[in-house]
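**Q** Listed below are the residues making up each chain.
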Amino acid sequence: MTKPLNTNVVPTGLVSSKAKLRMNIILLVVIGLYIFSSAMTNSSILRFDADFFKNVWMMFVQLFPPNWGYSNVVMDKLLETIKMALIATTIAGILCIPFSLLAANNIVHNKFLYNVTKMFLNIMRTIPELILAVVFVGLFGIGVFPGILALIIFSLGILAKLISETIESIDMNPLEAIRASGGNTLQVIWYAVVPQVLPQFVSFTLYVFEINVRASVVLGFVGAGGIGLILRQQINFLSYQNVSTIIVITFVVVVIIDYISNKLRGRLV
Amino acid sequence: MNMHVPPKPKKSPIKVVRNIAISIGLIALYVWAFATIEIPWGRIFSERTITNFDRVIPKLFSPDFTFAEKVMEYMMETLFIAFTGSFMAAILAIPFGFFAASNINRNPFLNTLGKWILNADRTFPEILLALIFVVAIGPGAFAGVLAIAIHSVGMLGKLYSEVIESIDMNVVEAMEANGANKIQTFFYGIMPQVIPEFMSYAIYRFEIDVRASTILGIIGAGGIGTLLVISSRNRNWDEVGMILLVIIIFVSIIDYFSTAIRKRIV
Amino acid sequence: MIEFKDLSLVYPNGTQGLKNVNVKINEGEFVVIVGLSGAGKSTFIRSINRLVTPTHGELLVDDTNILKYKGKDLRKLRTKVGMIFQNYNLVKRSTVMKNVISGRLGHTGTMKSIMNMYSKEDMALAYESLKRVNIEEKLYSRADQLSGGQQQRVSIARVLTQQPSVVLADEPVASLDPPTSHQVMKYLQKINREDNITTIVNLHFIDMAMEYADRIIGMRSGEIVFDGPASEVNEQTFEEIYGRPIKEDDIRGGKEDNDQTP
Amino acid sequence: MIEFKDLSLVYPNGTQGLKNVNVKINEGEFVVIVGLSGAGKSTFIRSINRLVTPTHGELLVDDTNILKYKGKDLRKLRTKVGMIFQNYNLVKRSTVMKNVISGRLGHTGTMKSIMNMYSKEDMALAYESLKRVNIEEKLYSRADQLSGGQQQRVSIARVLTQQPSVVLADEPVASLDPPTSHQVMKYLQKINREDNITTIVNLHFIDMAMEYADRIIGMRSGEIVFDGPASEVNEQTFEEIYGRPIKEDDIRGGKEDNDQTP
Amino acid sequence: GTSSDSGSIGEDPEKIIMGFVPSQDSDEIADTVKPLADKLSEELGVEVEGQLMTSYSALVEAMGSNQVQIGFLPAFGYVLANEKHGVEVILKSERFGSGTYRAQYVVHADSNIESLEDMKGKTWAIPDLTSTSGFLFPAAQIMDKFNVEDVQSGFFSNTIEAGGHDNALISVYEGDADVATTFDDARSTIEEDYPDVKDKLKVIEYTSDIPNDTISVTKDLSDEWKKKIKETFLSFNDDKEMIEVMNEVYSWDAIIEAEDSEYDVVRNTYEKFKDTNLLDN
Ligand SMILES: Nc1ncnc2c1ncn2[C@@H]1O[C@H](COP(=O)(O)OP(=O)(O)OP(=O)(O)O)[C@@H](O)[C@H]1O
Ligand SMILES: Nc1ncnc2c1ncn2[C@@H]1O[C@H](COP(=O)(O)OP(=O)(O)OP(=O)(O)O)[C@@H](O)[C@H]1O
Ligand SMILES: [Mg+2]
Ligand SMILES: [Mg+2]
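Residue numbers (the working numbering), protein chains in the order written: chain A, 1 to 269; chain B, 270 to 535; chain C, 536 to 797; chain D, 798 to 1059; chain E, 1060 to 1340.
One or more of the hints may lead you astray.
[Claimed, not checked] Simulated DEER-style distance windows between Cβ atoms: (1) L33(A) / K1331(E): 50 to 56 Å; (2) I477(B) / W57(A): 25 to 31 Å; (3) K1074(E) / G294(B): 46 to 52 Å.
[Said to hold, decoys possible] Facing chain E, from chain B, some residues (calculated, C-beta under 8 Å): (4) E316; (5) R317; (6) I319; (7) R324; (8) P327; (9) K328; (10) A405; (11) I406; (12) P408; (13) I487; (14) G489; (15) T495; (16) V498.
[What the hints assert, rightly or not] Sample of chain A residues lacking proximity to chain C, with all beta carbon distances greater than 12 Å (derived): (17) V10; (18) V15; (19) L101; (20) I257.
For the record, the hints were derived by calculation from the structure and aren't laboratory data. If you're wondering where the values come from, they're calculated on a predicted model, not measured in any experiment. Each residue gets a CB set at the ideal place from its N, CA and C atoms; glycine is no exception.
Sequences are here, hints too, so could you generate the full structure?
**A** What follows is the structure, given as structure tokens:
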């Protein structure tokens, strides 16, 4: 039996004093940072006065009722958005396969190649889709093409990361078994890696598709096609009832996509 | 050797029909998408694209370093906006998360309502939120903070509710069996289970918000997006290059630390 | 004293969890309930602290019917009745101390407990309870850093901190290996004897029931089919409870282990 | 014939996996390697199909040194040497048939295998192999729907499909319960006898080794400390291998079960 | 907020916020407005904050809620702001000695398009559907002259939204479009990248005059303050240093007085489009 170190000492807290100190320091730092950045952005709670809520309300009521007469225009652009998202997601889905294999440390043992791929993907994910769109519009002119390119790069970053992580977590034993029975690298990937990651792959691709539909609301603002284009126009004309038509229809479509992809995902696992 | 291999088991006809229908649907979807998308290939593969490349690419990759100071200034503002906004969202999302978690809010109607509110919030364009807050509070960083905060609540609330739905409810039962009341159960049984994940997601969201706050520039709600919009309108690609460089460096650093911190938390 | 008076429980889906149960459990007894899976053992135990609510009959704890209890009364009852679970039900990410002190929640004001302001006595009591199950040196460890047996001992300490007059244990050793099981049962026996706490335990295994129980209650399809001292149990009794002759599987193997720190 | 000539293997971190091993295994033998954990049993076995590469000495398979093999030669060697793993190493989400046919990858062109274009002979062979381990009715089940013993039988079928001249098995029964273990060992014995395939198996358990092996090799710290027919093994031999007297734990309990479908 | 309760009539504002939208119809866009704000602050004796905005709709709405008191609005933005929020114009810019500018029709130099009639059935490149000079004025002119409802595909065969005056010109330069409409003279904005643009592209027609961008104030400011602001700005005309700043910030040559009625021409044009669906293209 282990003897207590000191029987008469009664603990004073629920966590050790060291842990408590650490927690308090972290809390202090985070709150300190918050206060500092609030000051830098002039984000005082005192600014939430009656006027604030009145103004929000005044803006908000202008959204109602949505102008349903405008919905055929919205549908047109939304279909374009969906097409863009579909094409971009598909291309990104194909492109991400080599990238995610190269960025999985259980497949690629060459440290240099692995790190370079990882770094490339990381950098790609840091670029906001808006900049991508601005640059591609600069290169190819206004339209859906630069939008699709921006979405491809944007989703490639996300997809390759998610899938390389999935590959890194697969069961390595079947790979060894296939190798032990004389399979070459391609056969190992096809017979042991692909079946293990396929469901996740489809699931992530659907997820990225949904993200792409949402993202194209932004792209249109800089001329990269899709629903954002008319959103900008309507905001510029201060036609908020048309704006809310856009929002409502987009919402409904996103919900439908969400529903369908959940169904598909549920079937896969 | 007997060469006979039993045939594959027949799938039920309904399944076969369904699979065929799905395949046809998918093929039709792709044909539709690729056939009807309006891409002016002629224009894209033209002299003009080449001159554009000549004009844009060299400048993009030789960033204007005299512009660096100004970019840094705006980048810092972006960081402050993102941090303040994410922090506010991290707190605001807690009640929404609990409201939308089916194991806490057992009223199916209210629960579904909660999930829909969060979903609608995520779909509401950030740009419009920014516009509303510019009107309500004036142009500047605070409007951006609010837009980021409100928009992030949608995603964080959803992630939080998923965390809450995955907690060990037996622990909650054990607390109840102790004679603890609801509030005590909340603080002793539920919060310790969810706090680390909440923090991890909040940090993750901060990472996203740094990138997302670029969008605010479109409407004048502060941040580095303002510069981006102006520089690109002026076709100052060396300035855009500088903005891009600064964003890549900052986001990479944040990415690195946030991953390290999140690994330690959970 | 706990008295079941013609108690029945029908679950919302129509399953009869308890069927006209009549039984009286005296203060300080160590009762073990045995029975097949689905016999109603958990239902029996969980009725006593009203984690489930019987639908018919009376359940007297200290001579008052607890079936109508709500809100404050219910919490008071639960403060008096401690419970130990199969999967320990500790908050994994909280420290051992925080888990153990949560046994005092029913005795502590809401605000005080949220601010972690416990009296010196409560803290001392919690620490004392940890010592009684020999795990005081894990005080500030996170619960998920402990082994299964250690976690179950923490959950016993939590119940001890509650200072209950009754302890319920729903298959407390089902997730543990044989030597650790014996250890945990010993601790339960010890607190039953030292503090004269009425202890009601569900078990799956015959040999263990016979080794620790003062009294064994056998259940089958929601009814009590045997009730008597452990010494009266014989092969025929088990046939009654299980509906078949005794098999090797009904006995949990392994000799008890006297070294109580794993 | 497999011949280890003064073979040593040092892992990159400095651990000596094999130390001057000299041994000759004849065609058609059923050899069981026993030894403590870390003795080098897996290293021994995995050297033969070059899943690890010995650092010193020679390893002759059919009279050619395989240590320098690379690329095509290596794949050819592996096609000839089948391997069975402790955790079956099946692709869980693929069907039994797809797992079994993957034994023919070494004989099939890359494109053909990716398009799933196998000859009728290959298909028939795969089915035949499944029949030999009595699991042909699971043909189109997904591997993760099978029990442990069934999965190990599928992995034997995969090896059979490979038509190897040597089968290596690295603790093929460690994850199985005693009756299933015996079943799997019986199948290994059966293919060894029927097809005259050299079979080398790692085992932890003495009794099983003695029951199935023609010849037992005992290892300790990378060296061979015993080599002889099963009949020569006695208590002293084990003391040599394990460095301590025989204990109950070294014997895997349970009688063998003749009913081969679980 | 600090500023929202500042401007009620008769009271002195504690702080004035001045919003800028870099106009798409100008070729230089500033990214700082601080010198101007500082100078104003000095002259007015009240804190003035310059706020750079990228969307005039945000500026219009912010003036509506009195979050911004002074707005540098383009003509079309002013008309919207005036109609919706009663914002008043006090001053406007003078560039190249004029208080107005106009839109131009640009075609390729070798093109056989000589007049507006010739444009029928051609491809039209516009900067943006909300551009006053690039779309609204030319479209209105064509609507009036040829009595068509749907200019974009009824008169022209096709319309390309090029995303900027420069891009509209480049579309014609590269042969993707036959006609571009831009402000006068947008060609100089791309001269650096396309040195021969003035030879390759010719202007065949202009629209009527469009009043220049404005300095407007919210209705919440008292008349006294409006006057004070107006006079301060006008005094900048005599201050060489300030007019240089104005030129740098917004490429203004001078600040001149403006009347709401001058903007009727824009208003009438806007009325034409208000009820038609601009975007059914
Ligand atoms: N919440 C519930 N809703 C409906 N039926 C229930 C519920 N809980 C238990 N039951 C049913 O009531 C009967 C008794 O269940 P109980 O959990 O008391 O059995 P048990 O003896 O504890 O079994 P085990 O040894 O498996 O824990 C069973 O038929 C069970 O399926
Ligand atoms: N990849 C490796 N790198 C470094 N050392 C290793 C490696 N694989 C095995 N070893 C070491 O080599 C020695 C022999 O290992 P081996 O796996 O052959 O033992 P074993 O007899 O199969 O043991 P077990 O019964 O545990 O499987 C051990 O000390 C082990 O730690
Ligand atoms: Mg139970
Ligand atoms: Mg091994």
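**Q** Next, verify each hint and record whether it holds.
**A** Cross-check of the supplied hints:
1. Distance hint for L33(A) and K1331(E): a CB-CB separation of about 53 Å, consistent with the stated range 50 to 56 Å.
2. Look at I477(B) against W57(A): about 29 Å separates their beta carbons, and that is inside 25 to 31 Å.
3. For K1074(E) paired with G294(B), a C-beta distance near 60 Å fails the hint of 46 to 52 Å.
4. Evaluation of the E316(B) hint against chain E yields a held restraint, the C-beta minimum of about 7 Å falling below 8 Å.
5. The interface hint given for R317(B) holds, since its Cβ lies 4 Å from the closest Cβ of chain E, which is under the 8 Å cut-off.
6. Below 8 Å, beta-carbon pairs count as interface contacts, and I319(B) has none with chain E, the closest being about 11 Å; its hint is therefore violated.
7. Checking R324(B) against chain E: minimum C-beta separation of about 6 Å stays under 8 Å; hint holds.
8. Contact between P327(B) and chain E, as hinted, is not supported at the beta carbon level, the nearest pair being about 12 Å apart and thus beyond 8 Å.
9. For K328(B), the shortest C-beta to C-beta distance to chain E is roughly 11 Å, which exceeds 8 Å, and the interface hint is violated.
10. A hinted interface residue such as A405(B) counts as satisfied when its beta carbon comes closer than 8 Å to some beta carbon of chain E; here the least separation is about 7 Å, so the hint holds.
11. For I406(B), the interface hint holds, since its Cβ comes within 8 Å of a Cβ in chain E; the closest pair sits about 6 Å apart.
12. Taking 8 Å as the C-beta cut-off, the interface hint given for P408(B) holds, the closest approach to chain E being about 5 Å.
13. For I487(B), the interface hint holds, since its Cβ comes within 8 Å of a Cβ in chain E; the closest pair sits about 6 Å apart.
14. Residue-level restraint check for G489(B) holds (minimum Cβ-Cβ distance to chain E is 3 Å; threshold 8 Å).
15. Interface hint status for T495(B): upheld, as the beta-carbon distance to the closest one in chain E is roughly 6 Å, under 8 Å.
16. Taken as an interface hint, V498(B) checks out: its beta carbon lies about 5 Å from the nearest beta carbon of chain E, inside 8 Å.
17. The non-interface label for V10(A) is inconsistent with chain C: the shortest C-beta to C-beta separation is roughly 5 Å, within 12 Å.
18. Not every Cβ of chain C is farther than 12 Å from the Cβ of V15(A); the closest lies at roughly 5 Å, contradicting the non-interface assignment.
19. In this structure L101(A) is separated from chain C by more than 12 Å, as the shortest Cβ-Cβ distance comes to about 35 Å.
20. Non-interface status of I257(A) relative to chain C is upheld: no Cβ of that chain comes within 12 Å, the nearest being about 36 Å off.
In this structure, the hints that do not hold are numbers 3, 6, 8, 9, 17, 18, in rising order.
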